[in-house]
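**Q** Chains as they are written, first to last, in the numbering used here: chain Z, 1 to 314; chain V, 1 to 417.
It should be emphasised that the hints constitute simulated quantities derived from the structure, not laboratory data.
Note that the coordinates shown come from a computational prediction; the quantities given were computed from them, not determined experimentally.
Yeah, the Cβ is synthetic: ideal placement off N, Cα and C, and Gly gets one too.
Among the clues, some could well be false.
[Claimed, not checked] Stretch-level coverage of chain Z by chain V, calculated; a stretch enters the list once three of its residues show a Cβ under 8 Å from a Cβ in chain V:
#1 51-59
#2 99-108
#3 160-172
[To be verified] Derived Cβ-Cβ restraints for the label pairs, each shown as a range:
#4 Z:I214 x V:H262: 35 to 41 Å
#5 Z:K8 x V:G251: 55 to 61 Å
#6 V:L27 x Z:Q28: 56 to 62 Å
#7 V:I344 x Z:L69: 48 to 54 Å
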Amino acid sequence: MSVILEAKDLVKKHDDLLAVKGISFDIQAGEIFSLLGPNGAGKTTTISMLSTLYLPTSGSATIGGHSILTEPMEVRKVIGIVPQEIALYEELSARENLVFWGQMYGLSGKALKARVDEVLEQIGLTDRAKGRIKTFSGGMKRRVNIGVGLLHKPRLLFMDEPTVGIDPQSRRAILDSVKELNRQGMTVLYTTHYMEEAAELSNRVGIIDHGELIALGTQAELTRQVGENETLILHIGEDEDALALAGALKRIPGVMQATATDHEVSVIARQAEEILAPVVTQANERGIRIHSIDIREPNLEAVFLHLTGRALRD
Amino acid sequence: MKKLFLIGMKDLKLVFRDRTALTFMLLAPFLLTVALGFVTGSYGSGNASGIEQIPVLVVNQDEGELGTALADLFASEDLSDLVLTTQVSDPAEARRQVDADAVAAAIIIPAGFTDSIIPPDPSAPAGEVVAIEVYKNPTRPVGSGVIQSIVEEFLSRVETGRVGGEVILTQMLTAGLITPAEVNSLVADLAERQALAVEAEPALSLQASDAGEQQQAFDPMAYMAPGMALMFLMFTVSNGGRSILAERALGTLPRLFVSPTHGAQVLIGKVFGVYLTGVMQMLILVGAGSVLFGLQWGDPLGVLVLILAAVFAATGWGMLITALTRTPGQVAAIGSAIMLTFGILGGSFIQVSIMPDWYQWLSRITPNSWGLDGFTTLGLGGNLGDLGAPLLGLAVMGTVLTILAVLFFNRRPLVKK
Numbered sequence: 001m002s003v004i005l006e007a008k009d010l011v012k013k014h015d016d017l018l019a020v021k022g023i024s025f026d027i028q029a030g031e032i033f034s035l036l037g038p039n040g041a042g043k044t045t046t047i048s049m050l051s052t053l054y055l056p057t058s059g060s061a062t063i064g065g066h067s068i069l070t071e072p073m074e075v076r077k078v079i080g081i082v083p084q085e086i087a088l089y090e091e092l093s094a095r096e097n098l099v100f101w102g103q104m105y106g107l108s109g110k111a112l113k114a115r116v117d118e119v120l121e122q123i124g125l126t127d128r129a130k131g132r133i134k135t136f137s138g139g140m141k142r143r144v145n146i147g148v149g150l151l152h153k154p155r156l157l158f159m160d161e162p163t164v165g166i167d168p169q170s171r172r173a174i175l176d177s178v179k180e181l182n183r184q185g186m187t188v189l190y191t192t193h194y195m196e197e198a199a200e201l202s203n204r205v206g207i208i209d210h211g212e213l214i215a216l217g218t219q220a221e222l223t224r225q226v227g228e229n230e231t232l233i234l235h236i237g238e239d240e241d242a243l244a245l246a247g248a249l250k251r252i253p254g255v256m257q258a259t260a261t262d263h264e265v266s267v268i269a270r271q272a273e274e275i276l277a278p279v280v281t282q283a284n285e286r287g288i289r290i291h292s293i294d295i296r297e298p299n300l301e302a303v304f305l306h307l308t309g310r311a312l313r314d
Numbered sequence: 001m002k003k004l005f006l007i008g009m010k011d012l013k014l015v016f017r018d019r020t021a022l023t024f025m026l027l028a029p030f031l032l033t034v035a036l037g038f039v040t041g042s043y044g045s046g047n048a049s050g051i052e053q054i055p056v057l058v059v060n061q062d063e064g065e066l067g068t069a070l071a072d073l074f075a076s077e078d079l080s081d082l083v084l085t086t087q088v089s090d091p092a093e094a095r096r097q098v099d100a101d102a103v104a105a106a107i108i109i110p111a112g113f114t115d116s117i118i119p120p121d122p123s124a125p126a127g128e129v130v131a132i133e134v135y136k137n138p139t140r141p142v143g144s145g146v147i148q149s150i151v152e153e154f155l156s157r158v159e160t161g162r163v164g165g166e167v168i169l170t171q172m173l174t175a176g177l178i179t180p181a182e183v184n185s186l187v188a189d190l191a192e193r194q195a196l197a198v199e200a201e202p203a204l205s206l207q208a209s210d211a212g213e214q215q216q217a218f219d220p221m222a223y224m225a226p227g228m229a230l231m232f233l234m235f236t237v238s239n240g241g242r243s244i245l246a247e248r249a250l251g252t253l254p255r256l257f258v259s260p261t262h263g264a265q266v267l268i269g270k271v272f273g274v275y276l277t278g279v280m281q282m283l284i285l286v287g288a289g290s291v292l293f294g295l296q297w298g299d300p301l302g303v304l305v306l307i308l309a310a311v312f313a314a315t316g317w318g319m320l321i322t323a324l325t326r327t328p329g330q331v332a333a334i335g336s337a338i339m340l341t342f343g344i345l346g347g348s349f350i351q352v353s354i355m356p357d358w359y360q361w362l363s364r365i366t367p368n369s370w371g372l373d374g375f376t377t378l379g380l381g382g383n384l385g386d387l388g389a390p391l392l393g394l395a396v397m398g399t400v401l402t403i404l405a406v407l408f409f410n411r412r413p414l415v416k417k
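Okay, chain V solo, but in the shape it has when bound (with noise of 0.2 Å):
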């Protein structure tokens, strides 16, 4: 145990001294999180998140009172600092608004949309629910998807206080407290109450969870450091796996298995220098992100484990790469290759919630999706045990992918016996 410990530290040591790897480890993704912060206009309002207030357009032709609660909300003093909302009344012109890059999102309430969530008239057939639309400006994917979780989590509470309004009635109706005749009454009031409620208490996006939490600001760039950082933590664990060949072709692979240390333990201490080198990598980014951005990460327990689970899932990748090559310049060539391909496809530089179906299910190969979606939580204000997914997700990755590269290990050994 002693010498695993010892051959990984000597990794890490080994790394931090290699300028080019540190270059790609460190500098590359600090300068691309501050280029894209550049393109994306994250700098530059000095307000209180440090970004530019999102421009969004708001038409309400609802006449019910959730329309007016989703309305009022955007227009409130709690948004004022993220978003800067305009309403207007034509949907098409606020879509040519966004198709002319004038605003990130226009969000389209449609008549009938509180009546199709709560009716007027209760015992009528239940009918469809009429849906707000989010028309999103792609070139600017942080600033709408900020809206899109603004308005996903209205409609998240809309939803839990309508089931919870009709479970109420029917058990008051059921235990004869009320008459059919005053259910009508009831409904009315629930649904001025529920919007009342809605707009009281901002979405879960502008606020901590947990009562008693400071308010808690979403940065842009929050979704931009670590994505970055994921991309690069690729590059970390394929340069450790071409560590691993190029020490077997200098030889000290060689030296090491004919010192007395068992075969495994030099193969777990090198995946071990590959993962102490990740972890070290993600602290050092996201601690020198809060230092030189500000930047909120949430809470500091979870992002740690959030860290060790993506470097856990992204090791997994660099050893079954290491496995299936046989010289360390295809491991980085494949290693580079692989670092953006995930890069792109984890959301790195795209959000993926608005890819379609099929990318966003191939997403989930990466550790940079699922690493992007617990940083993401914890950015607007979840805690570690909101991390369930990401975390389940990130482990499952890492276990199979280095059962894998042992079974490959194991058919064609570092050192031919």
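Just chain Z, same shape as in the assembly (with noise of 0.2 Å):
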């Protein structure tokens, strides 16, 4: 395997935020890799560097061999980008939005006819080709989105967070043709604050938070930093008080984490079924309901808790 990116130290500093504080990775030609984090880690910043949209504040990165701070357009060529926001013009359909795209990877004549009626395919929009994207569903517009990316069948294909917002049917669809085009040779940089996403497609992940990347290896790689624990979520009602659970069940002899969010709590421990006893006891102490209990093997999750003491979710 080649390496496709490679980049070094990114820095990129907003007025006086630091977005990214020295980010360095590479992906290899045909893998997927995912940066994985909460919303304001910094992947969108660092996407946009990689990209060219914005110019890093120290740092560079090569992309296909070129870099990005002298040579922007050699780079532009060689990816291809799905941004966060569906950036389609509404009042065009999906084959005038294709057909717009397309020239202005350079696309023309019966080339471009013939790609756009290709991506249509892809996307599973021929059918609705002519319909204007105002008219069409989340999902559909999602699918339009990822389509603008794959017109000039770039070498290396940046995702940034392309599932937010959309029923789990189009995420689905969505998450499959990512290993399709993975499949088919396409180098793929994936953004998520979904665990199951990086887990399910990625060959390796990075970890980024607060503009730093944390961890970076396989998925295996990564849950060995966590040992052997094991996650137990409890799902408790919306009205009861998770943070004062969790730091009640921090005291219980085992226990090596534990944190709340929303309507869980998440505890790790070295063996789950040791400590379920005390947590239910716990729980009734408090008057707390247990509405249902998970326990997991050492995944993604555990490992951004284990690396910040936070959830993904925070």
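Both chains are given apart, each in its own frame, so use the hints to dock them into the complex.
**A** Now the structure itself:
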């Protein structure tokens, strides 16, 4: 495998805010690489620098052998972008959007028409090609948004949280299409704050938080960082005090970490079964009703929890 | 270059699919023109020019040839379609009728007018020229403006004849072809000939200036229609500016910036789209005015070049507003305010020539003012060659504003790097 992207000490400062604090990583041709992190971690800023939209404050990167600093036009030919927001013209049809963006990537004539037809087929919207984007559902818009990124057959596709705000069915379709694109040989840089997506798609994952890459490796390599620990997820009612329960659970012998999110309390322990009874007892003593309990094997969520002391959705 | 064109065409397509924008660009100026047509009485007479005759009073206290010539001009057959002239003798009564809104204007030719232009005794020192008064009705700006234009053109011809006569007589005297004693009789003869000449050749405002062209009636609707079109042109350019900031907010502008397209191409393409939209709007309004109202816009080439220049200047304003604002909402709000201000200031509602000097001076910052000057010139029979001042004014305005906009865009780029 060859390296298609190499980022070195990328830093981005917006006014007084240091959004990205010296990130370095590389992506091998043919892999799916995920940047996993909560909202505001610096994922989009990193992609914006790599796609030549932002100039790094310091640091550098090469993509397909071209520097993002000195050869931005060459870099843009190598990459395809699927931005987080739906960046399409609502008053134009799906086909008109694809034709326009194809022209912006230098396609024209019969080649453009053929490629637009292919992409429409690929995103499953051949029948709705003439429909205006404003009449489409959120999922359909997302698919066209992805289609635009595929038009010029980029060697490296940047997908910035492409499943935000869509229904489970569309989300499933997008994840399947990412895997299919990768199977066809496309390298993908995928950003998400959904642990499950990173786990399902990625060959390697970079975990990013507060502008820093805090962990990098395959899923197996990352989960080894939390050892053999298991995670106990307690689902509690909306009105219950999850924070107080988490505080109480930390005092139970064998509990390594306990954190509260919306209606959940996550507890990390070497053996979940060993702490199950005292956890339930504590909840009962505080009058907190537990709706259900999940026991999870070591995963990326646990890694993030282990590294930051916070859940991904915090 | 090709991408620049494609971006512009895409924007043109988007605007023409936006019903709200179309309403303001095309329907609103049309309806306002029609409404103003009714208000100013431009419908209903059924005469050749499609407008009511303009009622005017002529008070001729001058006993000379020129005063008579002007009075006769207004009573002539040539002007019968355009003006309804009544001769009265009392200037105070004439002014009272204007004040009472009975007529559009009163022309008061004072005693001694002819003698002040062509002195009976050429050897006597020249006195002050006695001025003709055009007492205008401010509630009938179009009608009174037409009357003033006719009088001004008459005076312009008289002045040209006077200077020419003086030169000829001086040269004849110097060359010894006439004696000083013969000068007096020649002056009287010249005055009579001049009066006959200006009578025989109606004012420019009523006739195409080029020999051989058909006579062309001035239609006040041809003043109101471009006035409205130019006012709503300001909407179009500010709406175009708004679309640039909207594209930034929607993410399509950043997406363009990460495609293999130069940033300058993207921006110029966007501005080209605004320009193209403005030109299309003006062409449609001019075309519709011709077809639906039978408006005579004048020399087609002049109209086309004037439109290109007016849209260039207006686009400059649109870009400057965009460069100075942060959100699409701000552009829309400021754009609407400027559209109305420029409409009032630039003469879309009131004739600038009847306003104070400072107002006329200030109106020159608007594309409306220059554009209306141009359309009026063309409507009165002028051609491309007569548009020097409006075209220069619009070109300078567009260039200066574009440079300012570029400077502001450089200081605060559309997409932060």
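**Q** None of the hints should be skipped; say for each whether it holds.
**A** To see whether the hints hold, each was checked on the structure:
| no. | hint | in the structure |
| --- | --- | --- |
| 1 | 51-59 | holds (count 5) |
| 2 | 99-108 | holds (count 6) |
| 3 | 160-172 | violated (count 0) |
| 4 | Z:I214 x V:H262: 35 to 41 Å | holds (37 Å) |
| 5 | Z:K8 x V:G251: 55 to 61 Å | violated (28 Å) |
| 6 | V:L27 x Z:Q28: 56 to 62 Å | holds (59 Å) |
| 7 | V:I344 x Z:L69: 48 to 54 Å | holds (51 Å) |
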